[in-house]
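Listed in order, the protein sequences are those of chains A and B. Counted the way UniProt numbering counts, the first sequence spans residues 1 to 490. Counted the way UniProt numbering counts, the second sequence spans residues 1 to 490.
Simulated from the structure, these hints should not be mistaken for lab results. Warning: the hint list may mix true and false statements.
Remember, identical chains collapse to one label, so a pair may be satisfied in a single copy or spanning two.
Simulated pairs of lysine-lysine, DSS-like, Cα-Cα distance not exceeding 25 Å [said to hold, decoys possible]:
id	residue 1	residue 2
1	207	471
2	16	207
3	35	114
4	90	207
5	35	319
6	114	207
What follows is each chain in one-letter form.
Protein chains: 2
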Amino acid sequence: MPPKPLDYESINENVKRAQYAVRGELYLRASELQKEGKKIIFTNVGNPHALGQKPLTFPRQVVALCQAPFLLDDPNVAVLFPADAIARAKHYLSLTTGGLGAYSDSRGLPGIRKEVAEFIYRRDGYPSDPELIYLTDGASKGVMQILNTIIRGQGDGVLVPVPQYPLYSATIALLGGSLVPYFLEETANWGLDVNELRQSVTEARYKGITVRAMVIINPGNPTGQCLSEANLREVLQFCYQENLVLLGDEVYQQNIYQDERPFVSSKKVLMDMGPPISKEVQLVSFHTVSKGYWGECGQRGGYFEMTNIPPETVDEIYKVASVSLSPNVPAQIFMGLMVNPPKPGDISFDQYARESKGILDSLRRRARLMTDGFNSCRNVVCNFTEDIMHDCLCLGAMYSFPQIRLPPRAIEAAKQAGKVPDVFYCLKLLEATGISTVPGSGFGQKEGIFHLRTTILPAEEEMPAIMSSFKKFNDEFMEQYEDHRGYSRM
Amino acid sequence: MPPKPLDYESINENVKRAQYAVRGELYLRASELQKEGKKIIFTNVGNPHALGQKPLTFPRQVVALCQAPFLLDDPNVAVLFPADAIARAKHYLSLTTGGLGAYSDSRGLPGIRKEVAEFIYRRDGYPSDPELIYLTDGASKGVMQILNTIIRGQGDGVLVPVPQYPLYSATIALLGGSLVPYFLEETANWGLDVNELRQSVTEARYKGITVRAMVIINPGNPTGQCLSEANLREVLQFCYQENLVLLGDEVYQQNIYQDERPFVSSKKVLMDMGPPISKEVQLVSFHTVSKGYWGECGQRGGYFEMTNIPPETVDEIYKVASVSLSPNVPAQIFMGLMVNPPKPGDISFDQYARESKGILDSLRRRARLMTDGFNSCRNVVCNFTEDIMHDCLCLGAMYSFPQIRLPPRAIEAAKQAGKVPDVFYCLKLLEATGISTVPGSGFGQKEGIFHLRTTILPAEEEMPAIMSSFKKFNDEFMEQYEDHRGYSRM
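Isolated chain A, as found in the complex (with noise of 0.2 Å):
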């Protein structure tokens, strides 16, 4: 008998490319040890409220009255709900045609879109137009669909950083596309370096790729370094000599533990540089409720904001999106409350400030503990230079990605177990200690260069202990597959 349409040897072959290492193979292998009874610590997705961290206070009595309309009604209402968040929601009701079970224009509301837009005009102090704003379910689906309208096969590439958040390889692989991967520096604190770029370029027109996209992720995943103004200055102006359009996955900018160099926005940017380039560079800019100090994951809320796109494909954009008819409505609230959060003198305000600062602290905290845990460990490396940039690997996002020194037996014996080397190693660790990791290769990295990626969110209390367990671990490993006949730390 001939296979059937969905036996495995008859489907989309792009659909068999696409890898995503963050819930793949060592996912996998940890979600059965928790069936079989082991304790294990996810530290593979940045899912803040899976490890613990609670809810802001504020957007959830929001959208809980919300969901639940009647309750305004309700004389008592205010026994479990403060008077803003009242408010709060009949305006956002206010602002939809039915309330939260009617889906909204497949753009997102447009009250809820005006909000984002004034958001990014106190950020950048440029104006934004809601009509170029689209909200999505989490930043991913809005980079799949750009990356959609993009691709139109395999000779079209995309430069993508490596290492790179596997969201782009897969969606690229998904779309039948060409990846053309730029190395960030690690010795230079993961540094973003143009001729490296002009590079990748070259070599992908010499094997026929037309070189459409560019995507920066800032501050960075699963690397976490935060671009300067100069280095974006390069990069825009890199993609206006190459004609590329530059997709900005700017989803950590609440994100940074370090004073130095706060988040800019690459839209802030390309406006600052002014004519032709601040007219011309077509820009596409990601952000999201999944992470800052909000970490509402589930909720899959997320926008875009279209820079310099022609209205043309501005309404192919809008039609494709209206094929899955609309954004989940509850998350497009999130949005409106995360750039529109309680103001000083409102009642919730304390507690919103208090308790965003005291996620914001805390992970701050916790990157440094992880940072200096790794480097105490033998053979892992988390930091290369003693500068302003000293924890280079803590200054935004939410992960930590030491570089791991293998010795050369145990690359043999991965090699004998048939696993890349540091699939080797992160699936020792979570057999050992149940820390679930994700390797490095599924980020891409040097040939012959090993790391893990770890998130820096397991609750503050747990970290000595995880830490300890991980220093354990990778001590006993070393001990064990280092050649005692002379092999020496690097």
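Starting from the known structure of chain A, arrange chain B on it as the hints suggest.
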């Protein structure tokens, strides 16, 4: 200067090819008119809450509590919430790790997939495996994912009913596949004729297309027909012979407005048929929280169940789902509640039963009102037979799909205006009355025959005024364009 990557002329052609009339020209014009202050009755999309349908109280109470879990510790919670809603919220929160703000497994929460499996077992009398049930952000997203797995390129065809819900044509175009139409027979209550299927497949093969899948929409959208068990058996037999995956779009399974032909699922009929067919035919069935008496469109919740799909493919589908991290969690809770509503004896049962029955009874009355209204209009025909399927167009789903017999002079006038004739008619209807419908051409129809689709969702008390406003417009339109020298009513 060369075009930029997101200039219209250089974007992905498949994006341009996709058409989605439900939110197409008519909807865009209606939105414009609304902005200008005109009162618009949006009957273009099955969006019940937008037209005043109230959400069911119990599920909203449960989800509100899940959004605000801190209320569960508040001694006053019972002032606003019944005890069974509180218990149920605790139950669903216990199925999560971190509440609604945490990503779930990419297939959805295991506990809810288990509740879905139990629902399917109760409904069909055959066991269902939670591991083969994936929760999605609405049924559409599931359909898109499955089609993406099946379609490898232009040479792959999917049998789609005509008229069809344009999700299918749009998605097939986006994925670069080929739509293979099979016509439903209007004069036989939009029945599905297997000879017609055979002919469609033969014609497609002649063009070099490999037909790999077949879509049925049951109850039909836009046509409302409910497929008989005998008909479903023929379809499954046909899929077996022709080696096709069957996609069973069953999102309207609660929307049945007659008693003679209750909903029967494709899964049940497949299992009833026994081996070899029950073991061989690959089936994916779709369901949603957006339709039925729930109408929770804006929450974006759905699921699909896979039957006879090999584990390697199920894993690939899991992998691709994981790139989007997880379906939104609040809608997963809605799905749990839909498949596991309050039971007799529960505190909230009476209210739940009363609300559900109220909505369904009203939909049934509105369907009848609308059919009768259309049939009273000049050159508008909404049913063809006098047998038990008298109200053939309002047996199921949420739509009415009357045929509009346009006089030759109207067709001529449309041509002059550069419009498809039914688009011309629907635009005039919109301008005159504010009623926003979808032209039949958006769903597909036979050459020279025209329809429109309207939902049956406007509030019952507004229905007489809407139908009389429609009748006034229509009869004047016909008066204007009929040939008074002898053109006679068909």
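Consistency of the hints with the structure:
| no. | hint | result |
| --- | --- | --- |
| 1 | 207 / 471 | neither (44 Å within a copy, 64 Å between copies) |
| 2 | 16 / 207 | within (23 Å within a copy, 28 Å between copies) |
| 3 | 35 / 114 | between (45 Å within a copy, 15 Å between copies) |
| 4 | 90 / 207 | neither (57 Å within a copy, 57 Å between copies) |
| 5 | 35 / 319 | between (43 Å within a copy, 19 Å between copies) |
| 6 | 114 / 207 | neither (44 Å within a copy, 49 Å between copies) |
Consistency with the previously given hints fails for numbers 1, 4, 6, ordered from lowest to highest.
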